[in-house]
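Chains as they are written, first to last, in the working numbering: chain E, 1 to 367; chain C, 1001 to 1600.
Derived from the structure by calculation, the hints contain no laboratory data. Note that the coordinates shown come from a computational prediction; the quantities given were computed from them, not determined experimentally. Don't take each hint at face value.
Unchecked claim - Simulated DEER-style distance windows between Cβ atoms: (1) C:Lys1471 x E:Leu85: 53 to 63 angstroms; (2) E:Ser107 x C:Glu1417: 47 to 57 angstroms; (3) E:Gly78 x C:Ser1490: 51 to 61 angstroms; (4) E:Leu85 x C:Lys1560: 48 to 58 angstroms; (5) C:Glu1421 x E:Gly78: 44 to 54 angstroms; (6) E:Ile79 x C:Ile1049: 48 to 58 angstroms; (7) E:Phe150 x C:Lys1471: 26 to 36 angstroms; (8) C:Glu1417 x E:Gly78: 32 to 42 angstroms.
Glycine included, every Cβ here is placed at the ideal spot set by N, Cα and C.
Listed here are the chains, written in short residue letters.
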Amino acid sequence: MKIYNQLNVFKNVDYVILIPVIILIFWGVINIYSASINEYPNLYIKQIIVGIVGIFLMLFLSTIELRKLINISLILYGIGIMALLFVLIAGDMVLGAKRWINLGFFSLQPSEFMKVLVILTTAYYLSDKKSPISFIDGLVILLIASIPAFLTIIQPDLGTALTIIFPVIFIIFVYGIKKRYIFGALLVMIILSPYIWTHLKDYQKNRILAFINPEKDPLGTAYHIIQSKIAIGSGQITGKGFLNGTQSKLYFLPEQHTDFIFATIGEEWGFIATITILTIYMFLIGRILYWGIKIKDNTAKVVCFGAVAVLSFQAFINIAMTLGIAPVVGITLPFLSYGGSSLLSFSILIGTVLSAVSTFRKEKIQF
Amino acid sequence: MKKDRIYIVVLVLGIVYLVLAGRLYYLQVKKGDYYREISTKNYVRLYTINPPRGKIFDRNGILLAYDIPTFSLVALPYIVHSNYEMQHILNMLKDTLNITPSQKVIEAFSKGLITKVVVAQNLTQEQIESFYNKFYLFKGFFIEVIPKRVYTSYAKYMPHVLGYVGYPSYSQLKKNPYLRPDVLIGKSGIEKMYDDYLRGSPGYRAVIVDAYGRQKEVLWEKQPKRGKDIYLTIDARLQKIAYESFKESGHPSGAVVIINPQDYQILALLSYPIYDIEKFTKGMSAKEWNQLVNNKYKPLFNKALYGLYPPGSIYKIIVGLGALEEGIVNPYETIESGAVFQIGKWKYRNWNPAGCGNINIEQALEMSCDTFFYQIGLELGVDRIVYYTHLFGLGEKLNPRIERKISRIPSPDWKMEVLNENWFHGDTINLSIGQGYLAITPFDAVKIISPIANGGKIFKPQLLKAYFDNKENRLYTTKPVLIRSLNVNSFYIKIIKKGLYRVIYGKRGTAKILRDTPVINAGKTGTAQVSRKKSKKEEKETKWELKDHAWFVDFYPYKKPKFSVAVFVEHGESGGRVAAPIVKDIIEKSVIEGILDEDI
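Only chain E is shown next, with the shape it has when bound in the complex (with noise of 0.2 angstroms):
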C-alpha cells in the first residue's frame, strides 16, 4: 500500500513532456563528450552529473502542486536580482563579461535562472487577472522582466537578456492586451530610439554595437558561421559518424560543446538526426502549447506560454544561427548545450510545467 502511494505520485506526471526532455539530454551527454573530449576530458562527467540532477529536479517538481510553487516565485525573484547584482560587483570576468558567480565546484550563472523566475513571477501576479489584460498589468510584468534584463545587459549579456524579456513579451501577447497598446508601445519605441540612441555614451553606444555583432571572438563571427555550416553539411544525411566529426575538430569552432553543439551534432549524425531533434523541439513545444489552451487555470497558462515562449526562442535562434540565417547572439540550445546553469534552470521550468498539468490532472480526478 505505502510503495503503491508512493508510485503513485508520479501518475500524473505528463511522460510525453519528460521523456523527450530525457532524450535530449542523454543526446547532449553525448555529443557533449565528443565536442570537447580533447580539450576538456571532464566536461561531459559533469554534465551527466547536472543532467541526473535536473531529471530529479523534475520528477520532484511535478509532485508539488503549482500554487505551492507559485507562492515562493516572489522570493525566489528578489534572490535572483540580489544575485545578477553581485554578479556585477564580484562576479568572474570570463572572455570579456561578468557572468559566474564562482562557488568552486560550480559556476553559477544567475541570469539563466532569471528567465525562468521571471515566468514564475509573472504567473504569480497574473494569476487572478482576466484576459485581457489591462494596460497597467501589462506594464508590470514587463517590469518585472525588464529589471534583470537591464542587469544582465550590462554584464554584458544580450543573449541571455533577450531569452529573459521575450516570454513575457510572448505571454502579453497571448493573453491579450489590447491591440492599440501593442501598437503603441511599437510606435513609442521607434520614435524613441533614435533619441535614446544619440544620448547615450560612446562606451555605451560600443557595447550595444558589440551586442549586435558580438565579436566574441577575434576572427568575428563570419567565419564561424562558415565552419559551422561547412560542418552540418558535411554531415550529409547519415552524418560521419560518433568522434568522426573532423570539422568541429580541427578548425576550430567556437563553443563546439555549448552555443555551437548543433554543429557537432549535425556533422557526426547527418540529417537523420538533425531533423530528429527538430521535431523532438516542436512536438516538446507543441505538447506545451496544448497544456496552456486547455489548463484553464491562469496560473499554469501563464507557465505553459512562457515555457512555450523561452524553448522556442532558444531552441530556433541557435539552430538557425548554425545554419547561418540568424546573427550570433550567444544563446544555448536547450537541454543539449552544455552548461550546468543552463540546464537546470529548463529543469526547473519544465519540472513546473509537469507540476502545473499533475496538479490539473489530480483536480479533474477530484471533481
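Place chain C on chain E using the hints.
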C-alpha cells in the same frame, strides 16, 4: 486568452519549423557533397592579414619606429603530418629551401597539431621563388607576410621608452579575446602603453583551396586596419643629449627625467645603462641574453619609472614648503642649526660637521642643512609631511598608463602594517631629510621640482603628444590636464624657489658648479644613504653597492621655466659632485643644439 492569437503563434511556429527543416535539407542533403568535399580534404584555409603597426615619431616628427614586411614560411602541422613522412619533409625543406626547422616545429609536425607554426622567418627572394616553383611538393605549407618592427638610429637612445613587441603569451591570450597568437603586441614601454593605438586590427581571409593549395574561392574576408601613428612628447635630441651626458659622467647606472613643468609633457626619459634595441628585436643568443639579464646594472629594467630609491635632500623641498604653509617657520625666521640635533639620548648629525649656524629657510635649502630640517620636520609631524608629499603627486599614478610602480611613502600606519612596529620621532626626523623608509622613483623626483617651477600646479604627465586617426584622417593632440593646484600660498612657493636659486648662486650652495651655465637655473642636490647599518668607511668607499645615491633636480630658465630635470645616479656618492654636473652638461648641450630657444 485570445483564440486568434494562438492561431498566429501556431502558424509562426509552423513556418519556423519548415524554414529550419528546409535549410537543413538544403545544407545536408542538397549541398552535402559540396560541404563534405570541403571538409574532408581540408580545403578551407584561414589566412591572417597582419596590418603594420602604427609608426612612432618623436615630438618634432623624427621617425623612431616603423614596420617593414618580411616573409615567413608557415605550416599547418596536421596537414604536414597526414601527408608526409617526417624525414622526407625535412629533407625536402633542406634540399629545396635550405631550411632546417627547429625542434619545436618538428615536434609540432610529429604531433600533427592544429595551430599553425612558423617554420622559418625572413625568407630571401630566392627561397620564396623556389617555394612557389615547387608549391605542389609542400602540402600544408604557405608563405605569410609578417610585419617586422624596425627602429631608427634615434630610437637606440630610448629602448626603455619605446619598449618592444612580441607575440602574446598564453595567459594574455586567455585574458583578452581580441588577441591572436600570430599578431604582434606591445610587451613593454610605449609599445605596450599605447598598444591599443598602435596595434590596429588584423584582417582575415577564409578561402577554399584546391589540392595544390591554390586559392579557388574567397569565402569571407575581413580587411585589416592599420594601427595609428603616434607622436611622443619625447624630444629625440634631448633624449640623446641626456644619454650622452650620463654616459660621459662615467657612472654605470642611473636615470634622467626631463619634463616641461608647464604641462608635464615628458621630454626625455632615460634609464641607464640602455640595451641594444635592434639586437633585442632581431633576437639574440642565449649567452647574450644571459649577460643582459644577469648584468648587475640591470639594463633591462626601466629605473626611471619603476626603480625605488631613497631621495635624500631633494625631499627637503616638500618638507620646507609644508613647514612654511603650516606656519612652523616663517620665511624670515632664523633657527639655530648646529652640527648635531639631539632628542633624548639620540643624536642626529648634520652632513657637514661644521654645522650651519643661525639660518633661515632659504639658507637652509642653500646649504642643505640637515639639522634645520630635523627641527622643522619634527614639528611639522609625519602626518603633515605625508600629506604634502601626496599633494605633490608622489606615490600616485598621475597617469596610470605610464606609471605602474608607486613610490613608497611611509607613515605610522604603513610601518605598523608592514613592519609591525610603532612610529618613532626618529622616523620623522629621518623622513624630514628624505631618508629612512622613504623610497621614490626618479620620475617622482621630477614631480618634486616641477610645481616649484610652475607656481604650484600638478598636471597629468604625458608621453603621447598626438596621434593620427586614419579613419577620420586627422591628427588629435593631447591637451594638458590640470590635476590639482597645490593650494599653497604662492609667496611660500617663491621662497622655496629662491632657496633653490641659492643652491646654485649662493655662497654656500651645494651645486655651485651650475653657476657658469648659460641659463639661470635653480635646483636641489640630494645624497641619500643606502646602507642603514654603519659600514666601515673603507668598505663604503670601495664597494659600489654601499655608496650613497646621488640626486639632482633642477629647472630652467629660472624666470619662465620650460624644463625640469631629475638626475639620479645609482650609488653615485654625491648629488653636488656627480649628479649636478650631468645636469650642467645637459643644459650646455641643449644650448648648443638650440633646444633652449625653441618654443615647446
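A quick look at each hint next to the structure:
1. A hinted range of 53 to 63 angstroms for the beta carbons of Lys1471 (chain C) and Leu85 (chain E) is inconsistent with their spacing of about 38 angstroms.
2. At roughly 34 angstroms, the beta carbons of Ser107 (chain E) and Glu1417 (chain C) sit outside the given window of 47 to 57 angstroms.
3. Look at Gly78 (chain E) against Ser1490 (chain C): about 57 angstroms separates their beta carbons, and that is inside 51 to 61 angstroms.
4. A C-beta distance of roughly 54 angstroms is found between Leu85 (chain E) and Lys1560 (chain C), which places it inside the suggested range of 48 to 58 angstroms.
5. Between Glu1421 (chain C) and Gly78 (chain E) the beta carbon distance is about 49 angstroms. The supplied range of 44 to 54 angstroms therefore holds.
6. Judged by the Cβ atoms, the range 48 to 58 angstroms given for Ile79 (chain E) and Ile1049 (chain C) holds: they are separated by roughly 49 angstroms.
7. Phe150 (chain E) and Lys1471 (chain C) have their C-beta atoms about 32 angstroms apart, which keeps the hinted 26 to 36 angstroms range intact.
8. Evaluation of the 32 to 42 angstroms hint for Glu1417 (chain C) and Gly78 (chain E) yields a pass: the beta carbon distance comes to about 39 angstroms.
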